[in-house]
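J.: Fit chain B to the given chain A structure using the hints.
Taken in sequence, the protein lines are chains A and B.
Residues in the first sequence are numbered consecutively from 1, following our numbering.
Residues in the second sequence are numbered consecutively from 1001, following our numbering.
These aren't lab readings, by the way, just hints derived from the structure by calculation.
Yeah, the Cβ is synthetic: ideal placement off N, Cα and C, and Gly gets one too.
Treat each hint with caution, since some may be false.
If you only want the chain B side, here are some residues facing chain A, beta carbon under 8 Å, derived [to be verified]:
no., residue
1, 1095
2, 1096
3, 1111
Not everything, but these chain A residues come out facing chain B in the computed CB check (under 10 Å) [what the hints assert, rightly or not]:
no., residue
4, 190
5, 192
6, 193
7, 203
8, 204
9, 206
10, 213
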Amino acid sequence: MANQLDRIEERIEQFVESALSRLIGIQISAVDVAAQLARALNEGVRRTEEGKPFAPDKYALTFHPDDAQTLLESAPGLHGELARGLLEVARECEYLVFRDPVVTIAVDPTLRPRELRVVAWHSTAPLEFTQAMQRQPKTNPGALPSGAYLIVEGNRHFPLDRPVVNIGRRLDNHLILDDPRVSRTHAQIRIRNGRFEIFDLGSSAGTLVNGQEIHQHLLLTGDVVELAGTRLVYGEDPGGPPDETPAYSPPFPPKPSGDQRTRVIPRDNDETS
Amino acid sequence: MTPEALLLILRVFAALVLYAFFGFAILAIWRSIPARKRDELIIPETYANEYHENVLSHGHRLGAVNLIGRAADNTIVLSDERVSAHHARISFTGGQWQLEDLGSRNGTFVNELPVEGVLVVTMGDRIQLGTVTLQLSQEVPIADMTFTS
Chain A
1 MANQLDRIEE
11 RIEQFVESAL
21 SRLIGIQISA
31 VDVAAQLARA
41 LNEGVRRTEE
51 GKPFAPDKYA
61 LTFHPDDAQT
71 LLESAPGLHG
81 ELARGLLEVA
91 RECEYLVFRD
101 PVVTIAVDPT
111 LRPRELRVVA
121 WHSTAPLEFT
131 QAMQRQPKTN
141 PGALPSGAYL
151 IVEGNRHFPL
161 DRPVVNIGRR
171 LDNHLILDDP
181 RVSRTHAQIR
191 IRNGRFEIFD
201 LGSSAGTLVN
211 GQEIHQHLLL
221 TGDVVELAGT
231 RLVYGEDPGG
241 PPDETPAYSP
251 PFPPKPSGDQ
261 RTRVIPRDND
271 ETS
Chain B
1001 MTPEALLLIL
1011 RVFAALVLYA
1021 FFGFAILAIW
1031 RSIPARKRDE
1041 LIIPETYANE
1051 YHENVLSHGH
1061 RLGAVNLIGR
1071 AADNTIVLSD
1081 ERVSAHHARI
1091 SFTGGQWQLE
1101 DLGSRNGTFV
1111 NELPVEGVLV
1121 VTMGDRIQLG
1131 TVTLQLSQEV
1141 PIADMTFTS
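For reference, chain A alone in the conformation it holds in the complex (with noise of 0.2 Å):
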C-alpha cells in the first residue's frame, strides 16, 4: 500500500508541478500540493463487495485567503487541469471513478499562509455500496398452524408446511392442479398472523370458498375451497392429515435438481500400466 500511495504520490507530483509552474509569485510547494491529494485520493478510496476500488470524485483544497486569491487570479483553469490530471491518475492506479472528479478551492482565514488543506469525498455513494445487514435472530417469523394440510380432490392430502404455497396450473407451482380450467397460476395460501389465508390471483374461474367467491380469505378447518371445479379442503390436526388419503404428488415427477455431472469412467490403464 505504501509503494501504491507513492506511486500516486509522484505522478500527481508531474502533473501538479506543470500546473504550478506557470504561476508566477506562488509559494506553495508542489510537493506539498501533490503529497496532499495523493493521500486524500489514497484515503478516499471505497471498496465495493467484489473488492473494486472506487477512487473520490470530489476534491477541496482549502488555501489561505491571500494564496486563493493569486491562485485563481493568475490561473482560473487551476481546477480543471486538477480534475484532468486526478482522472488520469486514478484510471491509471486502475481505481474506478463514479463520475468525473471535481476541484473546487476554498478559503479558510484560519489558515497560515502557504499552509494548505485537502478533502476528497464521494459525491454519491455508489449505489453497489448497499451495505450489508446483520439481521436480527427472527423471533419465530412463520409460525405455521401444526398439521395445516389440503385435501385434493377427496383422494389426496397435501401438507402445508411451508409459509406460502402457490395453487396453479403451470408447473413452478407447489400445488400443480392438471386441469384446463385452473388458471396457471390460480391462487396462493400463505401465512399471516399465523394462520394461512388464501388470496385469488385473477383467475379466470375464480376461488370459492364455501361456495362464495372470494378475494381473500381466512381458512379455517373445513373451509372448502373451489379452484375451477376442483375442490381443496382445509384442515388442521396436529395428528397430521388423515391416513386414508395418500400423500399428493405432481402430476408430472419434477425436474431434477442439482448438477447433473458426466460420470467419470475409472481408467486402469493409468496406475496399472
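T.: Showing chain B alone in chain A's frame:
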C-alpha cells in the same frame, strides 16, 4: 328559420348521436367484462407508509407498478444504505398487490417472512427493506403515529 340555422341544428344533432354511440360502445365493452375482472382493472387507493424505526416519514400512493429502492429512478426512493439500488417491486396484478424481491442484498421481508418469488401482500402487511418498513394501508395515518406489531 334560415337554412343556415337548420344546418347548424343538424350538425349539433349529428355530433350528439356520434358521442352517444361512442358512449354506448364503451358501456357495452365494460359490461361484457365480468364484474370480478372489472375490479382487477381499478387500482384501489393504497398507500405504502414508510416507517424509520417506527416513526412514519412518508405515505407513498401506490400505482400499477412500483419500483422500490435507493436509486433515484424508483417510484419509491428509500434513502437507506441497506436498501439496494433496485430492491423490490409491488404491482397490482390479478386484483392483488404482488410483491417481488429483485435480488436485493439484504432481502425483503413481509411480517418477518423472507420473500421468495412473488408474494401477495395486503392491507396491514409490513414490508421490511433494509431498516425501512413499508406498511400497506388504505390511508396515511396521522404523522408521528407509530404502529404496533
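J.: Each hint should be assessed against the structure and marked as holding or not.
T.: Structure-based check of each hint:
1. Restraint check, residue 1095(B) versus chain A: the minimum CB separation of about 5 Å is within 8 Å; hint holds.
2. Restraint check, residue 1096(B) versus chain A: the minimum CB separation of about 6 Å is within 8 Å; hint holds.
3. The criterion of a C-beta within 8 Å of any C-beta in chain A is met by residue 1111(B), whose closest approach is roughly 7 Å, and the hint holds.
4. For the restraint placing residue 190(A) at the interface with chain B, the shortest Cβ-Cβ distance is roughly 6 Å, inside the 10 Å limit, so the hint holds.
5. Proximity of residue 192(A) to chain B holds as hinted, the smallest CB-CB distance being about 7 Å (cut-off 10 Å).
6. Interface restraint check for residue 193(A): the shortest CB-CB distance to chain B comes to about 7 Å, inside 10 Å, so the restraint holds.
7. For residue 203(A), the suggested interface contact is upheld, since its CB lies about 7 Å from the closest CB of chain B, less than 10 Å.
8. Taken as an interface hint, residue 204(A) checks out: its beta carbon lies about 8 Å from the nearest beta carbon of chain B, inside 10 Å.
9. Of the supplied interface hints, the one on residue 206(A) holds, with its beta-carbon coming within about 6 Å of a beta-carbon of chain B, less than 10 Å.
10. Taking 10 Å as the C-beta cut-off, the interface hint given for residue 213(A) holds, the closest approach to chain B being about 7 Å.
Violated hints for the displayed structure: none, as all numbered hints are satisfied.
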